[in-house]
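Chemist: Go ahead and model the full structure; you've got the sequences and the hints to work with.
There are 2 protein chains.
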Amino acid sequence: MRRTEYPEALRNLIAQLRQMPGVGPRSAERIALWIVQNKADAPEQIANALRSTRESVRPCALCGFFATQELCDICADESRVVDLLCVVEQPTDILPLEKTSAFRGRYHSLGGRISPLDHVGPEDLRIQQLLDRAAKEKFSEIIFALAADVEGEATTNYLVDLLKGKGISLTRIAHGLPAGGGLENADELTLYQALSGRTRL
Amino acid sequence: MRRTEYPEALRNLIAQLRQMPGVGPRSAERIALWIVQNKADAPEQIANALRSTRESVRPCALCGFFATQELCDICADESRVVDLLCVVEQPTDILPLEKTSAFRGRYHSLGGRISPLDHVGPEDLRIQQLLDRAAKEKFSEIIFALAADVEGEATTNYLVDLLKGKGISLTRIAHGLPAGGGLENADELTLYQALSGRTRL
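Protein chains in written order, with my numbering: chain A, 1 to 201; chain B, 1 to 201.
Treat the hints as calculated values from the structure; they're not laboratory data.
Warning: the hint list may mix true and false statements.
Identical copies go unnamed one by one, so any copy, or any two together, can satisfy a pair.
What the hints assert, rightly or not - Cross-link-like lysine to aspartate or glutamate pairs, in silico, DMTMM-like; alpha carbons within 25 Å at most:
hint	residue 1	residue 2
1	LYS39	GLU55
2	LYS166	GLU5
3	LYS39	GLU70
4	LYS39	ASP124
5	LYS99	GLU29
Modeler: Below, the structure written as structure tokens:
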């Protein structure tokens, strides 16, 4: 007896949707059925938005953030402080930092961090571009805002070795107790770093 | 100070993706960033699958299940029993029934159930088509497999009134204890229905 299934086009759509992050078999099926049964043109609008975003959004030539021109809004903004640079791992790390309003300089996204286990070496990251910018843009300070884990630390140390002795102040964002976090919930390493990094009152 | 945001195309994509069922603001952002950063052509393939499914998949002219021809695979399958019909609310109810392999007849999807609170009346459902089929296709039995709730029951009763006296045996799927369900987890109504519907051993 032949097993009844959805038409092939629908099964293909479900398989395609499952590639999206966070979309499992059940939600892919639910979204696909919504797409097939939608009476308005919402699905077509999604397909259009998907295509046009793929065509128009690209990495900023300077910092790697999302841009529709050669430069992103941040790099093109002439009101920003020009001698201050913040180095991050991913372009997606930039918006959370922007939301703090604590930084008015520019950014440089590496596109990842050095991770031998994932076969990511220095040559896979935008490190040469960082050195070029450091030579050309006359920064007074470069702030490293990489993850507070082993690979983030190792990448920071690697970059500091390359950039030291050029008269640029090299700093790292503070590691310590997160806001609202009590001591009882903090792990040992966080507490160790919070203690070592204590500031004078 | 101007707030830094994603480029407009990307923000539009996030808004579009949020229309999909089960996709909230966080997952829409995550999917959109995946779409922008994907190095292969997976996003284009999704857009293609979305469009081609919208163009090729339509409701079966007879039963309302998903079809790419005029008739769906089930209605076009000549090996199926022709005098047995199962009435369901939604086309998505058909595959779960097919998976049981307990039914080899054909289906009729109403496209919903009578629900005055949602402004769904009999004229909004595929009821006339059901009556036409009942007059033409010479069913010996029509099985109602609607939801075991007030609106499902009311819709079943409404249809039974329309179809009785035509020499067709009208039946309803059993309501009772779900498989694997203990008595201690069953609600009162389920137990009441399980008791009333008891079968001789």
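Chemist: Now tell me, hint by hint, if it's right for this structure.
Modeler: Results of checking the hints against the structure:
Only between protomers do LYS39 and GLU55 lie at most 25 Å apart by alpha-carbon distance; the minimum there is 13 Å, versus 27 Å within a single protomer. Taking identical chains as interchangeable, the C-alpha atoms of LYS166 and GLU5 are never at most 25 Å apart, the minima being 66 Å within one chain and 33 Å between chains. In this assembly of identical chains, LYS39 and GLU70 lie within 25 Å of each other by CA distance solely across copies; the values are 19 Å between and 39 Å within a copy. When the C-alpha separation of LYS39 and ASP124 is checked against a cutoff of 25 Å, the pair qualifies only between copies, where the shortest distance is 14 Å, while the shortest distance within a copy is 46 Å.
Taking identical chains as interchangeable, the C-alpha atoms of LYS99 and GLU29 lie at most 25 Å apart only when they sit on different chains, with a minimum of 16 Å there against 36 Å within one chain.
Of the numbered hints given earlier, the model fails hint 2 alone.
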